[in-house]
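Q: Now for the letters of each chain:
2 protein chains.
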Amino acid sequence: MFESAEIGHMVDKKTWRKQVPDLRVALLDAQFELKETAKIPVVILISGQDFAGKGETINILYEWMDPHFLTTLAFAEPTDEERDRPAMWRYWRALPPKGRTGIFAGSWYSDPIRQRLKGTLALTDLDARIDQINRFEAMLVNEGALVLKFWFHLSKAAQKKRLKALEKDPHTAWRVTPGSGPRLKNYDQLQEVAGHMLRMTNTAWAPWIIVEGADDCYRSLTVGQVLLNSLRQRLATGDNQDTPVAPQMRPSVDGRNLLSELNLKKKLNDKAYADQLAHWQGRLAELSRDPRFAQRSLICAFEGVDAAGKGGAIRRIAGALDARKYQIIPVTAPTEEERAQPYLWRFWRHVPRCGRITLFDRSWYGRVLVERIEGFCSERDWLRAYSEINDFEHELSAAGAIVIKFWLQISQAEQLKRFKAREETPFKRFKITDDDWRNREKWPQYQQAACDMVDRTSTGAAPWTLVESNDKNYARVKILQTVCERLETELKEKVVGEWMTREFPRRDNRRDNNKSAKISPRKKGKTKT
Amino acid sequence: MFESAEIGHMVDKKTWRKQVPDLRVALLDAQFELKETAKIPVVILISGQDFAGKGETINILYEWMDPHFLTTLAFAEPTDEERDRPAMWRYWRALPPKGRTGIFAGSWYSDPIRQRLKGTLALTDLDARIDQINRFEAMLVNEGALVLKFWFHLSKAAQKKRLKALEKDPHTAWRVTPGSGPRLKNYDQLQEVAGHMLRMTNTAWAPWIIVEGADDCYRSLTVGQVLLNSLRQRLATGDNQDTPVAPQMRPSVDGRNLLSELNLKKKLNDKAYADQLAHWQGRLAELSRDPRFAQRSLICAFEGVDAAGKGGAIRRIAGALDARKYQIIPVTAPTEEERAQPYLWRFWRHVPRCGRITLFDRSWYGRVLVERIEGFCSERDWLRAYSEINDFEHELSAAGAIVIKFWLQISQAEQLKRFKAREETPFKRFKITDDDWRNREKWPQYQQAACDMVDRTSTGAAPWTLVESNDKNYARVKILQTVCERLETELKEKVVGEWMTREFPRRDNRRDNNKSAKISPRKKGKTKT
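Residue numbers (the working numbering), protein chains in the order written: chain A, 408 to 936; chain B, 408 to 936.
It is worth saying that the hints were derived from the structure and are not from the lab. Note that this is a predicted model, so its numbers are computed, not measured. Incorrect hints may appear among the rest.
Treat identical chains as interchangeable: a pair holds within one or across any two.
[Claimed, not checked] Within a straight-line C-alpha distance of at most 27 Å, the following computed DSS-like cross-link-like pairs (lysine-lysine) qualify:
id, residue 1, residue 2
1, Lys-835, Lys-567
2, Lys-563, Lys-672
3, Lys-420, Lys-571
4, Lys-571, Lys-849
5, Lys-879, Lys-421
6, Lys-505, Lys-838
7, Lys-446, Lys-567
8, Lys-575, Lys-678
9, Lys-838, Lys-446
10, Lys-525, Lys-567
11, Lys-421, Lys-505
12, Lys-824, Lys-672
13, Lys-849, Lys-421
Okay, chain A solo, but in the shape it has when bound (with noise of 0.2 Å):
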């Protein structure tokens, strides 16, 4: 693999000046073109042995585009805000929007590579964070982005020799640390990790430009080079990439499916409500309060049909929780800021920390549902989103988050009669307008949409509650009763995938609840289904 870059490539310094003008107009071209018409995001990851140009190369791309449209990313010791969220959330709320060129010096291969080489990483488990890293690069690159991974190699020859001219110099002596020496020995080692790590992300849509270091003119104008053909070749291709094949979705020959089923005259009489409710409420209060819930975060997604009794349910949760621990986060039309990110950055960005709770008053599941059936999105993005969001969830409840998701149906008379009282009400007016009616006459649409969701997101560690809703307490009391008792099964025996939650170990003085009894740490033990 990095045969090529060891061959000693070098560029003279008269080619260097010959060519660097021309470069450098093409580049703020392409770099104008990418930000004013084609709005493509750019992530260039720069990485590679130490002394092999990293910064040199940041430096000069500063130098010769537009640095109104770059950014630095760069990732040290996570914070705890950090620690306390899946470990790819850093990554997630670095990535530059469109039009825009994020540089990252070091990246979401950083941190697999340094843990398997102080040897805290299973093989197993970086082929499990490889397998991690494939699929948030396919994202992106589906999503639009422009995905260039370079990797700056130094024989071991040239390393050292790199080393001690930069020492021999004293304009350049300084760049030389104390820690530089000792890091150097690692070289063998960090050959061997980042080879397996380079093979395994080799992929179609986001390769590696493995490139040799020694040489500063050689490599800049490499880079430069890359940078280039890579900005022209996406910008003539434009949007046009592969479609998938749509599979096809459940045709419904019986006209039954999993709404249908459900049994909607399901009721509870006042009496009963207000006991089940007090009752519910309390063991929410006390589970939120269970000194193991501050290893652990909530995620409750809140989607249904219209005037199906949402924001009704999501306030008697509420009810129960102290305000510090969550939010509510209503998923209206995105801003510009999170129309110029991958669909799943806006929901990414409220992702909560450990001991926190969010409750979605529709959630990621809109491009599946209200997306799909109004054309909002092409068929290939909606298509591509169930796998995105299984590992988006994936992701969450690996990390700790435990995840629930609730469908209300009501029936269609329920609604109309809804709908009206709606229309009656004047305080309740804001709630009806024209876009619910016209979403009811696509009713089994909808529907359709619903179900084909279920199928292919309901998943062992986020599974879907459907819920009968034509009666609102009932509907409010099996809510209420559903996230407490999912809440204890986990608390009480959750396993939690291994792998990411070592990746970033939470500090045990960083607890909000610092006066809470002593935390007894994750049981490991068989996964639950």
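Fit chain B to the supplied structure of chain A, relying on the hints for placement.
A: This is chain B only, laid out in the frame that chain A set:
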């Protein structure tokens, strides 16, 4: 202050049932106008005694208003990302954007009150915090926000009674936690501290609304009415606040000013430049690795005449730094999310953590330079910006940030030369636009604005450095040297505004460079001027 809230206010169920529907309709109408037309951000503070109905009020607001435009903000123990920045950073990042309502369950008042109760905040320090809060709220109001501060009060007897009633009813008993009893013992102390705080922050622009919390119907109706009336009043008056009188800026009687007095002939030959550059870059690299810097942060703002060489100077600083330590923030047009916030919000979001560096290519001074000259904001806005900027920089430096500001000055002749060179060099062409030529015609106005800016914002903690930049060599070295010398002084003898840093003391174990030598504590002593 609390007398009116101890007389046993009550509203009977009948009145409640009669008034609530109309109130809800009116609130929804006002909220709709708020978000569709007026685009005002509403900041609601919910605070007061335990069991005075804070949580219940939040719930009722969610029931009465359209929850899609409400956000609840709550603050527990600060995270390390928050500890590493000025105390107000966590509140800045929580502010609701225009058209939305942020309900603060806990706020900038919570920490000072808690610390005062614990006895860790001296009265004089408390008063400094109060002054800061008043200035912050004035800024919010000036930026167009409606700020409503509710304090729910209970007499000691009423509080006890309410606790007992909650315990007795099986439907509410779970609301009483083991910690409830002991907390009530602080009643008198809390009343004293809160009384002082409330009195001192009872400003004309953001007065306190003290509400008796004993009776649910009374409390909720009161909050609803106050909210409705305030919204209506605000919607009716629009943005017509009193314009402050514009003070006379320094007139140029003799044609001389700070910038005209600079000696732009200062030079450095290429040989000396190479040596000096290496010297100061080396020094800067060392200083950035100094263990004492892990307790501080560095913020450099670059302003100057067009084509004065900001970008080149910034790259010379960046070239000396580890990519993980710094961020270059080019200040371009604000995004939609940024436009929906107070002016300084988009700079607050880039405030670096301890141990980190942010280089701003143009800065928050845009408001008193280009926005003033081009009329992008009202006179009232840029006039108040001077003191808001001073407050901002004061908060930064009080929290340990080192703030360095550069104005790069070139002559008109030199600018013309550089403009022409940019037009003639293909890869520099992107740097010159029609705007630049237009700005050049307003040379005297821009120079005047720059002088006013330096006069009004060059403070002891954050002084301006004027850089003679006709010669790029000289300018770059002067800038590097200034940064290094300032860092040296600050790391040696910096005194930190104690009250601010004490608020969220940093934890030793959360430093990046946890292998570095022992960190010496910040020295106490007299303020450096």
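Q: Each hint needs a verdict: does it hold in this structure or not?
A: Evaluated hints:
no.	hint	in the structure
1	Lys-835 / Lys-567	neither (74 Å within a copy, 37 Å between copies)
2	Lys-563 / Lys-672	neither (74 Å within a copy, 49 Å between copies)
3	Lys-420 / Lys-571	within (22 Å within a copy, 85 Å between copies)
4	Lys-571 / Lys-849	neither (72 Å within a copy, 53 Å between copies)
5	Lys-879 / Lys-421	between (79 Å within a copy, 25 Å between copies)
6	Lys-505 / Lys-838	between (34 Å within a copy, 22 Å between copies)
7	Lys-446 / Lys-567	neither (42 Å within a copy, 62 Å between copies)
8	Lys-575 / Lys-678	between (86 Å within a copy, 18 Å between copies)
9	Lys-838 / Lys-446	between (36 Å within a copy, 20 Å between copies)
10	Lys-525 / Lys-567	within (23 Å within a copy, 58 Å between copies)
11	Lys-421 / Lys-505	neither (37 Å within a copy, 56 Å between copies)
12	Lys-824 / Lys-672	within (15 Å within a copy, 83 Å between copies)
13	Lys-849 / Lys-421	neither (68 Å within a copy, 43 Å between copies)
Checked against the numbered hints listed earlier, the structure breaks hints 1, 2, 4, 7, 11 and 13; every other hint is satisfied.
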